[in-house]
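K.L.:
According to our numbering, the stretch in the sequence shown is residues 1 to 183, in order.
Keep in mind that a hint or two might mislead.
Derived Cβ-Cβ restraints for the label pairs, each shown as a range [claimed, not checked]:
(1) S48 to N155: 16 to 22 Å
(2) E45 to K122: 34 to 40 Å
(3) K182 to H56: 26 to 32 Å
(4) C53 to R140: 16 to 22 Å
Simulated crosslink set (EDC-like; lysine to aspartate or glutamate; CA at most 16 Å straight-line) [as the list claims (entries may be wrong)]:
(5) K168 to D96
(6) K122 to E75
(7) K182 to D30
Keep in mind the hints are simulated off the structure, nothing from the lab.
For each residue, glycine too, the CB sits at the ideal point set by N, CA and C.
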Amino acid sequence: MDKHEDRQLETALLGGGCFWCLEPAFTQLDGVEQVLPGYAGGKLENPSYEEVCAGHTGHIEVVQIRFDPQRIDFEELLAVFFAIHDPTTLDRQGNDVGAQYASVIFYQSQQQRHQAEAMIQKVTQLLSTPVVTQLRPASRFWSAEMVHHEYYERNPQQGYCRVIIEPKLRKFREQFRGRLKKA
1 MDKHEDRQLE TALLGGGCFW CLEPAFTQLD GVEQVLPGYA GGKLENPSYE EVCAGHTGHI
61 EVVQIRFDPQ RIDFEELLAV FFAIHDPTTL DRQGNDVGAQ YASVIFYQSQ QQRHQAEAMI
121 QKVTQLLSTP VVTQLRPASR FWSAEMVHHE YYERNPQQGY CRVIIEPKLR KFREQFRGRL
181 KKA
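Start from the sequences, fold in the hints, and give me the full structure.
P.N.:
And the structure:
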């Protein structure tokens, strides 16, 4: 019997700009079992990337994170989340602009909601600019098209990956080196 067979995984659903930037960071964390890029918060069923980017569906680019709370907890995921994106810019991360790039936490339980509220308050006290991260109840998650899955892993030499994602990952690895999966 696998020692991990009976464990209960939990889910986090976070949006903080382009999902290409979020996925590779969370994937590297010890205790994270799966990270899927996708869409949440909108009104259209099974939206496409093009529909979301057009801005008419109300969806936000997010990552769905399946994690083992015995190895990493939701608060640790939130600490990473706030470290790898700018929670002070409304519907924008760098040059990525639009409502689909909103900073949002879709809470799965009242416990997650309270933890997120506390973390937002803590981050607000640390920053000189107001935090605009939305806190919303869990929404239906729609997995993104396969071309978006493991995008950075498959395209590390692509311009966006080299210029935008790689610097974020270097900073992330340095800041959270004690929480990374062992090679």
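K.L.:
So which of the earlier hints does this model not fit?
P.N.:
3
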